[in-house]
Structure formats: C-alpha cells, structure tokens
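Enquirer: Listed here are the chains, written in short residue letters.
Protein chains: 2
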Amino acid sequence: MTRAALAERMGVNRSTILALTTELAAAGLVSEESPAVPEGAGRPSFVVRPETRRVFVLAFDVAVDRLVAARVGLGGAVLDRRETTRPRTGADLDTVVGGLAALGRELYDAAPPGTVCAGIGASYCGMIRPGDGMVRYGPEMGWVDQAFGTELEAALGIGLPVAVGNEAHLAAFAEFQRGAGIGSPDLIYLHGDVGVGGGILVGGQLLGGESGYGCEVGHMLVNPYGGRECLCGSSGCLEAETGEYALLEAAGRAGEFGRDAVRAVVRDATAGDRAAAGAVARTGDWLGIGVANLINLFNPGVVVFGGTLRELYAAAAPQVNARIKQHGMPVSRERARLLPAGLGDDATLIGAAERGFGALMADPIGRSALSPVG
Amino acid sequence: MTRAALAERMGVNRSTILALTTELAAAGLVSEESPAVPEGAGRPSFVVRPETRRVFVLAFDVAVDRLVAARVGLGGAVLDRRETTRPRTGADLDTVVGGLAALGRELYDAAPPGTVCAGIGASYCGMIRPGDGMVRYGPEMGWVDQAFGTELEAALGIGLPVAVGNEAHLAAFAEFQRGAGIGSPDLIYLHGDVGVGGGILVGGQLLGGESGYGCEVGHMLVNPYGGRECLCGSSGCLEAETGEYALLEAAGRAGEFGRDAVRAVVRDATAGDRAAAGAVARTGDWLGIGVANLINLFNPGVVVFGGTLRELYAAAAPQVNARIKQHGMPVSRERARLLPAGLGDDATLIGAAERGFGALMADPIGRSALSPVG
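So the sequence lines, in the order shown, correspond to chains A and B.
Here the first sequence is numbered in our numbering, starting from 1 and rising by one per residue.
Here the second sequence is numbered in our numbering, starting from 1 and rising by one per residue.
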C-alpha cells in the first residue's frame with residue numbers, strides 16, 4: 001500500500017505517516033520503495049510493504065488427523081511448513097507437544113540467518129483458558145485441564161510464549177482479516193471435523209464472555225428427541241448431528257473418517273448416490289437449523305463455513321437455506337451472506353499465525369528488537 | 001458519592017474531579033453538599049448527587065396489556081407515572097401512539113416549573129431499526145415497518161426525538177446498570193410475556209450485529225418436531241414453548257392471559273395443582289434448553305429472568321438447572337449465575353428512561369442548556 005493510501009486509511013497526514021513508516025522501516029518491519037509508475041500528477045507516493053520474509057512466527061495446528069506447523073511471514077504468507085500424522089485416539093499431551101515441538105524446531109532451524117521470530121501461535125480444537133493456553137476441555141482427545149501452552153513453550157525452548165487459541169476462534173479472525181469475511185466485523189465462522197466449533201466476532205471482537213469460553217456453537221442442542229450421542233456426554237448437539245461422524249454414518253460409511261472421506265460423500269451425493277445424497281440432506285438440514293438460530297441471535301453480516309462444513313455447505317446449501325428461510329427472522333437474515341472459508345483448510349493455521357503476531361502488533365517497535373535467528 | 005470516591009473510580013486527581021463536578025453543578029445536573037460526618041482525619045469530601053428532581057426524561061413502555069408512561073429523574077428514580085389499558089389485539093400505530101402521547105403530555109404538563117426534560121425513551125416489544133425507531137417487525141401486534149419513533153415524537157410535540165429500543169435490549173441495560181446484573185458486563189436478559197425476547201450484553205455492549213437486530217432469542221428453534229406454532233409463522237421457537245400462551249394452555253387455562261394469570265399458575269403449581277405443576281415443569285424444561293444453549297454460546301456471568309419468565313423461573317428452577325447441567329458445557333456454565341430481574345416489572349421502563357438520557361450522557365454540558373418546563 002502507498003504511504004498516501006495508508007495516511008487516508010488511518011486519517012493522519014503525510015508527515016505523520018512518513019514518521020511512522022520510517023520508524024517501522026528502521027525496525028526492519030516494513031520496506032519502502034518508490035512506485036514503478038508515478039500516480040497522477042503529484043509526487044509519487046512510496047509503497048510500504050511488510051517484511052514478510054524477514055519477520056515470521058511459528059504457527060501450529062492440532063488437526064484431527066495430523067499435526068501441522070508452519071513458518072508464516074508478516075502479512076500472512078506461509079513461508080515453510082511441515083506436517084505429520086497423529087493417532088486418531090489416545091493422543092496424550094506429551095505425544096502432541098513432542099510432535100509439534102519437533103516440527104517447530106525443524107522450521108526454526110531452517111529459517112534463514114538474519115530473520116526474526118516474532119512470536120508463536122497454536123490452534124487447538126477445544127476450550128482454551130485465556131492467558132496460559134491451558135486446555136480446559138478437549139472432548140475429541142479426552143483432554144481436561146492439560147497445560148498445552150506452557151508445555152509447548154518449554155518443549156520448543158525458543159524463549160517465546162505460545163499464544164494458544166481455539167481453532168474456530170482463530171479461523172474466524174483469519175477469515176475476517178484475510179479471507180471471506182473482510183469488511184464484515186459481525187462474522188460467524190463454523191468449523192467442522194469430528195467436532196463442530198464456532199468463532200463469533202461481534203463488532204470485530206471475538207465473543208469471549210465472562211471467562212473466554214464463549215462461542216461453543218457445537219453444543220447447541222438442536223435435536224432434543226433421540227438425537228445422536230455427542231462426545232460431550234449429551235446428545236442432539238449441533239456437533240453430533242452435523243460433524244463428520246454423523247455424515248459418514250448416515251451415508252452408510254461408519255468407520256471411515258477425515259476430510260477426504262467427507263469429500264467423497266459429497267462427491268458421490270452430487271453424482272447421484274442415494275445414500276450419500278440422503279446423508280448430505282439430513283446433515284445439511286440440522287446445519288440449517290443451527291445457522292438459523294445463530295442468525296436470529298447474532299444478525300451477522302457473514303456466516304463462513306470451514307473444515308468439513310465447507311464441503312457440506314457446498315452440497316447442502318438448499319437444505320441450509322430452506323431452514324434459514326423457515327426459522328430465521330426476515331429482518332435478521334436480510335443482510336447475512338453465507339460463504340465458504342476463503343482460506344480453505346489453512347484458516348486455522350493462518351489464525352494461529354495472526355495470534356502469534358499479536359504481541360508484535362501491540363508493540364511493534366519494542367518487539368522488533370528480538371534477536372535474529374542463527 | 002463523594003468527590004474523592006468519584007476521583008478514584010475515574011482515575012483522575014482531586015483537582016480534575018473538582019473542575020468536572022463544578023461544571024456539572026453549574027449546568028444544574030448535580031448538586032454538591034458537605035458530608036454530615038467528615039471522613040477520617042483528612043479534609044471532608046463533598047458529596048455529589050444527581051439532580052434527580054430537576055432533570056428528567058419521559059419514558060414509555062408498550063406492554064402487552066397496557067401502555068405505561070413515566071417521568072424518570074436522573075439516576076433512575078420514577079417521579080411520576082401513568083398507565084392505561086390497551087386492546088390485546090388490533091392495536092394499530094395511531095392507537096398506540098395516541099395513547100402514549102396523551103399520557104406523556106399529562107406527565108410533561110404536570111412537571112414542576114424549572115425542571116428540565118432531557119430526553120424521551122420508549123420500549124417496544126419488536127425489532128427496532130436503530131436511528132429512527134421504525135418498528136421493522138412486531139409480531140404480537142402484527143406490525144411491519146411502522147414509524148413508531150417519529151410518529152410518537154410528532155404526537156408529543158415536545159421538540160425532542162424519541163429514542164426507541166426493543167424492550168429486552170433496554171431491560172438488559174437497566175439490569176446491568178441498576179439491577180441484578182451490576183458488575184456483570186456479559187449479561188443475558190430474557191423477557192417473557194406473549195413473546196419471549198432477549199437482550200444480550202457482550203463486554204457491556206448490546207449485541208447489535210450487522211444492522212442492530214441481534215438478540216432474537218425468542219425465535220431460537222428448540223423443538224423441531226411438532227413444536228407449538230409461533231406468532232412469527234414458524235413453530236417450536238423458544239417463545240412458542242415458553243411464552244405465556246404455552247404455559248396457560250398446558251395448565252388447561254387457554255383463554256386467560258397476562259402476568260396475573262401466569263402468577264396464578266405458578267402459585268397453584270406450588271400449592272399442588274397437578275395441571276399447573278405439569279405446565280410449569282414442561283415450560284421450564286424448554287426454558288432450560290434455551291438457557292443452556294445461550295450459556296454455551298455466550299459464557300455469560302449472569303442470566304436475568306424478567307417479565308413472566310421471572311415467575312416461571314422462580315417455580316421451574318429445578319427443570320432449568322437440570323437442562324443446564326445436561327447440555328451446558330461445564331467450563332461455560334461454571335461462573336453463570338441465574339437471577340430474577342432486580343428491577344421487577346419496571347426493568348423495561350427504566351431501560352427506556354436510560355435510553356432517553358443517552359443524549360445527555362453523551363454531551364452533558366451541551367444538552368443541559370435545554371429550556372426548562374413551564
């Protein structure tokens with residue numbers, strides 16, 4: 001972006017923006033270059049770019065079937081990444097932390113000399129205590145009160161804290177900043193895998209609630225009569241009726257799992273497989289009830305579908321839209337757009353990276369004094 | 001409150017608070033008096049009080065079976081009030097506006113000379129467009145796009161705009177500022193009459209959403225199979241299962257209506273009437289599902305029950321709490337307190353008054369130049 005555009009966006013004058021970008025450039029966070037083509041008749045305005053390749057974070061994602069780590073540059077570009085599979089069940093804290101730390105160290109050690117690690121962010125599919133990254137509840141792995149953030153910090157040994165967030169919370173921010181929800185500060189992000197999570201932005205702020213555990217969309221009761229059992233111990237939760245187990249079972253494919261299996265059901269449904277089509281319709285119907293309820297409660301500008309719900313919504317939009325029309329108040333739904341995640345499967349990872357950049361963003365000049373890698 | 005206490009609350013020093021309270025006193029908004037008993041060994045600190053009897057607003061409440069108007073002083077004290085019945089059905093805009101304006105003019109004309117009307121607020125049981133007080137949707141009276149705010153302003157002819165809000169939104173603020181929710185910025189207020197409405201504060205701010213129509217709690221679908229028909233055209237909404245019609249019908253008292261009828265069911269249930277007890281249990285069970293869902297979504301510090309839900313919760317707390325335990329995530333519910341409205345039946349009216357004071361609060365010195373009554 002040019003200095004002139006920055007000045008306009010921030011409502012400051014040219015001399016102020018010059019002072020600010022000069023300071024950021026001196027700290028090694030942005031570079032400035034003269035534009036190739038002068039704009040109009042006035043002085044050419046310098047283009048200010050983030051130092052994407054010099055300033056990075058480590059971002060981690062504990063996904064359902066794998067552990068992902070990436071080196072993400074300032075501005076959201078994935079510079080390097082590593083993945084490993086993880087056991088579907090019985091993954092304990094040591095296994096997960098050990099696996100992530102090994103990937104993270106590899107990435108860190110491979111970072112070019114002179115680059116700077118500005119922070120570390122991690123995404124986890126559970127309820128995270130703000131501040132220290134304690135997993136209060138992670139039903140999919142059966143975790144209760146596991147010190148994920150502090151253990152990962154210790155195992156990495158980089159000397160930086162690990163900012164942990166719930167996967168859907170992080171993805172909601174990522175979609176708002178860089179994905180399908182740009183310009184929509186009242187945004188609902190729905191994430192599906194085994195579980196179904198939500199990240200809800202109200203006026204651009206994450207809905208935290210009293211203790212930071214808001215947005216538990218997946219455990220909204222939608223089916224009070226004989227609903228499917230949920231990992232949380234209840235039954236009929238949105239997660240139980242719309243997660244991948246529900247879809248795969250309804251399609252007669254119990255025992256399969258993962259996003260590829262979900263994609264196969266959706267593909268077969270589109271191709272005319274009746275069991276698959278029935279499963280998509282049934283699961284999409286419950287998804288529509290959940291979305292209608294959320295639209296009534298939040299009057300969102302955009303609802304973004306991520307993870308397996310991205311696939312499900314693509315195939316079940318008729319069911320979802322019918323339920324919204326049936327149960328959503330016209331005034332509440334008149335401006336709500338429904339969209340697939342713009343960042344695709346990387347929404348959670350990019351969200352973790354943005355969380356990792358949080359400390360730098362809060363105090364760019366102080367933090368940029370971090371010592372370079374190598 | 002003393003000047004010293006104000007200074008501490010606001011984080012300013014004594015000379016700053018002296019300058020501020022002197023300015024507010026000169027504008028006629030507060031009075032200052034020396035305390036009867038000097039505090040400790042230091043100088044006595046002057047006590048600053050709002051000019052409750054001098055500065056007032058007109059507050060209106062369109063309740064289910066009556067129209068209410070009050071003159072409310074700065075600080076929330078009801079100085080004078082008038083009520084009239086209204087038709088349960090077929091109340092059109094002219095009838096409601098005419099009735100309210102007559103009450104409001106009476107109150108205004110009866111205000112002592114030298115007092116100042118600082119604003120006008122009105123509560124309506126429907127979806128209100130921010131800015132002009134247009135009722136976008138009021139299912140209970142069948143209103144769609146009725147210019148309630150501007151018509152009431154014109155009918156009153158006082159020369160002040162009417163700030164209109166949804167009744168549950170206004171009551172949520174009133175309970176936060178002066179009722180059961182003081183100190184709890186993450187608050188859910190649930191209001192029952194014929195309809196069920198909600199006002200949700202997230203970090204002390206009303207959840208408005210994209211266009212200001214958030215918090216439509218009453219139309220959350222809780223009963224997807226054969227639920228009761230709702231005034232909104234759908235069925236199985238929280239409102240349909242927990243509003244006064246549902247309770248009275250389940251108790252075998254179809255045809256009765258109003259808060260007194262609801263109170264009678266609750267009283268009879270407590271006294272051992274089996275039909276009444278069954279109605280309370282059934283309706284409370286649905287209320288518990290709704291509250292559990294809201295706790296999962298919002299991680300509130302407090303849930304406040306108002307209108308008929310205040311009575312229902314008092315009798316059906318076991319059902320409500322059982323559902324919260326069954327469906328609410330432990331981490332989400334561990335700090336949520338459930339309370340009856342501290343302001344009782346006046347929560348909406350006091351909320352309307354606070355909305356009426358909004359312009360004065362935003363610019364106290366500029367607004368206080370309003371010409372006195374009489």
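It is worth saying that the hints were derived from the structure and are not from the lab.
Treat each hint with caution, since some may be false.
Put simply, identical chains are the same to the list, so a pair is met inside one copy or across any two.
[Claimed, not checked] With a straight-line cut-off of 20 Å between C-alpha atoms, the simulated SDA-like cross-links for lysine to any residue are:
hint: 1; residue 1: 325; residue 2: 64
hint: 2; residue 1: 325; residue 2: 223
hint: 3; residue 1: 325; residue 2: 372
hint: 4; residue 1: 325; residue 2: 229
hint: 5; residue 1: 325; residue 2: 271
hint: 6; residue 1: 325; residue 2: 131
hint: 7; residue 1: 325; residue 2: 113
hint: 8; residue 1: 325; residue 2: 139
hint: 9; residue 1: 325; residue 2: 159
hint: 10; residue 1: 325; residue 2: 137
hint: 11; residue 1: 325; residue 2: 76
hint: 12; residue 1: 325; residue 2: 263
hint: 13; residue 1: 325; residue 2: 83
hint: 14; residue 1: 325; residue 2: 235
hint: 15; residue 1: 325; residue 2: 177
hint: 16; residue 1: 325; residue 2: 225
Enquirer: The structure should be examined with respect to each hint, and the outcome stated for every one.
Expert: Do the hints match the structure? See the list:
| no. | hint | result |
| --- | --- | --- |
| 1 | 325 to 64 | neither (33 Å within a copy, 28 Å between copies) |
| 2 | 325 to 223 | both (19 Å within a copy, 17 Å between copies) |
| 3 | 325 to 372 | neither (55 Å within a copy, 51 Å between copies) |
| 4 | 325 to 229 | between (28 Å within a copy, 16 Å between copies) |
| 5 | 325 to 271 | neither (27 Å within a copy, 43 Å between copies) |
| 6 | 325 to 131 | neither (40 Å within a copy, 27 Å between copies) |
| 7 | 325 to 113 | neither (56 Å within a copy, 54 Å between copies) |
| 8 | 325 to 139 | between (33 Å within a copy, 17 Å between copies) |
| 9 | 325 to 159 | neither (52 Å within a copy, 41 Å between copies) |
| 10 | 325 to 137 | between (34 Å within a copy, 16 Å between copies) |
| 11 | 325 to 76 | neither (36 Å within a copy, 41 Å between copies) |
| 12 | 325 to 263 | neither (26 Å within a copy, 36 Å between copies) |
| 13 | 325 to 83 | neither (41 Å within a copy, 39 Å between copies) |
| 14 | 325 to 235 | between (26 Å within a copy, 13 Å between copies) |
| 15 | 325 to 177 | neither (29 Å within a copy, 36 Å between copies) |
| 16 | 325 to 225 | between (23 Å within a copy, 17 Å between copies) |
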